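With the hints as your guide, set chain B onto chain S.
What follows is each chain in one-letter form.
There are 2 protein chains.
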Amino acid sequence: MGPGPSDVNPRVLRSMSTPLVGHLDPSFVEIMDEVQELLRYVFQTDNQWTLPVSGTGSAAMEACIGNLVEPGDSVLLRTEGYWGDRMAEMARRAGGTVVSLPTAANDPVGMAEYERAFAEAEIDVVGICHADTTTGIRQPNVGEMTDVAHDHGAYVIADCVTSLGGVPVHVDDWGVDAAYSAAQKCLSAPPGASPLTISDRGMAKVLDRDEDVRSWYLDLSLLEGYWGDERAYHHTAPITNTYALREALRVAAEEGIEARWDRHARVSERLVEGLADLGLSMNPPEGLALPSLNAVRVPDGVDDGAVIDHLREAYDIEVAAGLGGLSGEIWRIGTMGYSARDKNVAYLLDAMADALAAEGYEQTTATTPA
Amino acid sequence: MGPGPSDVNPRVLRSMSTPLVGHLDPSFVEIMDEVQELLRYVFQTDNQWTLPVSGTGSAAMEACIGNLVEPGDSVLLRTEGYWGDRMAEMARRAGGTVVSLPTAANDPVGMAEYERAFAEAEIDVVGICHADTTTGIRQPNVGEMTDVAHDHGAYVIADCVTSLGGVPVHVDDWGVDAAYSAAQKCLSAPPGASPLTISDRGMAKVLDRDEDVRSWYLDLSLLEGYWGDERAYHHTAPITNTYALREALRVAAEEGIEARWDRHARVSERLVEGLADLGLSMNPPEGLALPSLNAVRVPDGVDDGAVIDHLREAYDIEVAAGLGGLSGEIWRIGTMGYSARDKNVAYLLDAMADALAAEGYEQTTATTPA
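Protein chains in written order, with my numbering: chain S, 1 to 370; chain B, 1001 to 1370.
Don't take every hint at face value.
Stated by the list, open to error - Rough simulated footprint, nothing fancy, chain B against chain S, three-plus residues with beta-carbon under 8 angstroms:
#, segment
1, 85 to 98
2, 184 to 197
3, 312 to 325
Hints listed in this document are in silico derivations from the structure and should not be mistaken for laboratory results. From a predicted model like this one, the values you see are computed outputs, not experimental measurements. We treat Cβ as the ideally placed atom computed from N, Cα and C, and that holds for glycine.
Just chain S, same shape as in the assembly:
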């Protein structure tokens, strides 16, 4: 129940024992087709260029940035925090110039600051974090932000790492030019093959580049040959991860994407209520908390690491500490995919009460003595 990997559905684990076929075998090509079609469903898009990148989530992130950002492009990003650092670092290495979007660490991007950034500078590419794994905050208006970017001729990349498959993602309705995710969050597959989708408009920019993408491995204009109609060899795909992703996507499709979003919302609500009963409060502002990644404030005087160790050692539960500026400030509790279940929440709440008691924490909410 950390920020990923989530528990993998046993059906998905079993799919990984399937003997391997070649990455150019006709039977594997059928699997590729199915994975692409199912990815379009969870992304809610008709984008032709929808495929798994051969690496973990950061590889999909770098594929989006490295392809859409050309040397000299200016890239608008919130740069504070862990996500912003990484995105800025990748944009810079792609030859882009980063324009910082001023935002308080614990808030989503505000529209006033966002529109001001476009008024003040020529922007070519915008990075939006739909679901921030480090803060537990959801950006609620990706579509509106995309409209502003498009009015200025810019391209939008959306980070859906901690939302895809658990929190509503609407690639076509939002109009974003590219979006990426990871397998080990709300899709509950092992990391190693990571969803990416890019619009025709986005792909046109990639195919029209003056200078080649700086990574051969992640160059979408070359991957087009393998994942497009031609099925030409580019590199060996991570075959077993593709089996696993297919099975995980089938599980999601059987449940239905809306039902899956509802389940995540309901399970997270139950967790947040239980944590409140223990006297704990959430990190994100009201109404902006991700249902997949619950960022909880560490109460004063409690050692976050001791609670994490206690949960792992006494209960076999994994939750994560805060990263960067939020180190020591929050715990990050995942309710993602197969892990988003009532029984996990009940078990975690009992364990958390025990871990807090072991740390000498006295909850501020009155309880009736047993």
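Using the frame of chain S, we list chain B on its own:
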């Protein structure tokens, strides 16, 4: 029995059903230690910086090139053929200038041409293909080539994709500065986590770069934090692939690396003899054929694709066609890792005789009628 993926040992397939733990979990850190130690064994090296790259073999290739090649470096490569094309493309995208090493397509690099290249130009980095998956040729003198490069202050990258775990590789004895491989060849694990090793001298060049590596995902100076003593989060590792690679490396260590090399040599010899009985000859020059990837000449008048289809449809056997300039000229038959077994060879030879007969091929070697 294509050029990879090879058949995965059932022990390795089973290991992939292991439930996931976090990539920073203490139990996973122990697995990382074990994988690194076992990789050192198969690479025959004491290099501290020995780790699996989070991607397939081409990602490990790009990690070596992208880290060791700095903008302005000149990179000596044979550029004809499939391997050379890819290596040159990556070197160019890393900002390097490619110096072509003239070599006939079906020969290893000759020492005279190699030494002449150093006399004629300042060389910073050299790429050597120890085992060429496209031609089936083994470069027999990697150590000698490395000595020459070091005499000129250059750094050497060795491609061991189709040799590691099946054909003798001696990273420390050869003195190469970096070597990489893939999981799905002679190690018989699924692709997705790919062996890489880099010497202290090589790593010193990486850490001393003026300009950052162009890929954040593959930057070894950042991966150092995760795979080194610090175990700091960089990106999510492909956890299940790491389980699989560990199990595959354990299988290799139990067999013993020398015994494994001997098995590959013996099984390939049996295959080559059987193919000769069918009147077929090998592509590589005498003594330079890889025991892991057997490149066989397609006889005149035989349609290579029809034989490949027949083997797959009637026998469930996968062999591969030639790539690039060798398209239509050769078949590529893998005897790698778990696939390097006598029973596979016997089955393939029977199937090949049938497939050739179906194509109307009459073998030139006399046989006794039944």
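> Going through the earlier hints one by one, which of them does the structure break, listed in rising order?
Replying inline: none
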